[in-house]
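As you go down the protein sequences, you meet chains B and E in turn. My numbering puts the first residue of the first sequence at 1, with every later residue one more than the last. My numbering puts the first residue of the second sequence at 1, with every later residue one more than the last.
Please note that the accuracy of each hint is not assured.
[Unchecked claim] Covered stretches of chain B, as calculated for chain E (at least 3 residues, CB under 8 Å): (1) 5–18; (2) 31–39.
[Claimed, not checked] Chain E regions said to be covered by chain B (calculated; three or more residues, Cβ under 8 Å): (3) 52–58; (4) 107–116; (5) 170–176; (6) 184–195; (7) 211–220.
[Said to hold, decoys possible] Restraint ranges, calculated between C-beta atoms of paired labels, are given here: (8) B:F33 to E:H180: 31 to 39 Å; (9) E:L68 to B:T48: 38 to 46 Å; (10) E:P41 to B:G19: 53 to 61 Å; (11) B:S47 to E:A183: 49 to 57 Å; (12) E:L198 to B:S35: 30 to 38 Å; (13) B:S47 to E:D147: 49 to 57 Å; (14) E:G190 to B:W15: 29 to 37 Å; (15) B:S35 to E:R81: 21 to 29 Å; (16) E:G27 to B:S47: 29 to 37 Å.
Don't read these hints as lab results, they were simulated from the structure. By construction, the Cβ of each residue, glycine as well, lies at the ideal position given by its N, Cα and C atoms.
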Amino acid sequence: MMDFLAMGGYARFVWPAYGVAVLVLALMAIVSFRSWRHRQRLWSEISTTRRR
Amino acid sequence: MHRFANPARFMRLSERLMPWCTAGAVGFLAVGFYLALFVAPPDYQQGEAVRIMFVHVPAAWMASFAYLFMAVASAVALIWRHPLADLAAQAAAPLGAGFTLICLVTGSLWGQPMWGTWWVWDARLTSVLVLFFLYLGYIALVHAFDDPTRGARAGAVLALVGAVNLPIIKFSVDWWNTLHQPASVFRIGGPTIDRAMLVPLLVMAVGFTLYFAALLMLRIRTAILESRLRAARLGEVEIGAETVAGPAQ
């Protein structure tokens, strides 16, 4: 396990690289999804007020 | 092609496709990360540091691919004035910028142990940095106008002009003496990379592509909903009607 984490002495390069990749990928999804959900909420608000 | 570019049709189609793309992306990325970290062998020269390749290279491919998508969508928008094309180009830009950022940061983290430097101004690195700034410039330009149509038009022109950078990125390693290595996968004569590393790399690449596709659809859906909201606020459409107004002409 420690061997795996040490990455043959390259741990301080390999893990930040994977960390940045996962972080940026996750941020892309989170921002996109929150913006979608926000618009959807606005849309349902408009729809319900119009129906009255 | 116009049939598929109808917003209402796109909403129906993407609703069906998105779960598959999302599931595929999660699956391929999970397997890809497992193969990259646990199964792929260390390189005989680079040791374990070569594992950076499995995130760096797919991110680099997607950085260029997303720009290509953006440029084609911009051309369609300029030539046929298609309402969906502008939305598609704008939806792709932040994703492309994200992939380019991953490519630059992981490349730097790979360069330090292998080349002994975080950064050099060689042709490949510089042209990818230009790509990153093209994305940022495009996003800024699109939002710099009060009228979204004019912003979209200006952005489309920038995206098309910037497309000249794509062949420069691709062939920079052949045209100039670069510290960056030349292509080892998409080259005449086939890949020079060993199968044990090529398979994890391709699995990751498929995962990145599906991830891009799923988020792209979500973002285009968001943009369509946004234009419906704008139209509804103006009282131009009946709520619940199938037809949708595109961006005001």
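Whether the CB-CB distance between B:S47 and E:A183 falls inside 49 to 57 Å: Hint holds: Cβ distance 52 Å, inside 49 to 57 Å.
Coverage of the region 5–18 of chain B by chain E, judged on three or more residues with CB within 8 Å: holds (count 9)
Pairwise beta carbon distance, E:P41 to B:G19, judged against the given window 53 to 61 Å: Check failed, 23 Å falls outside 53 to 61 Å.
Coverage of the region 184–195 of chain E by chain B (three or more Cβ within 8 Å): violated (count 0)
Residues of the region 52–58 of chain E with Cβ under 8 Å from chain B, three needed, outcome: holds (count 3)
Supplied distance hint 49 to 57 Å, evaluated on CB atoms of B:S47 and E:D147: Violated, at about 27 Å.
Cβ contact check, 8 Å cutoff: the region 107–116 of chain E against chain B, three residues minimum: Coverage by chain B holds for the region 107–116 of chain E (4 residues, Cβ < 8 Å).
CB-CB spacing for E:R81 and B:S35 relative to the 21 to 29 Å hint: 25 Å, holds
8 Å C-beta test of the region 170–176 of chain E against chain B, three or more residues: violated (count 0)
Three-residue Cβ test at 8 Å for the coverage of the region 211–220 of chain E by chain B: holds (count 4)
B:W15 and E:G190 - C-beta distance against the hinted 29 to 37 Å: 32 Å Cβ-Cβ, so the 29 to 37 Å window holds.
Range agreement (Cβ of B:S35 with Cβ of E:L198, hint 30 to 38 Å): 37 Å, holds
Consistency with the previously given hints fails for numbers 5, 6, 10 and 13, ordered from lowest to highest.
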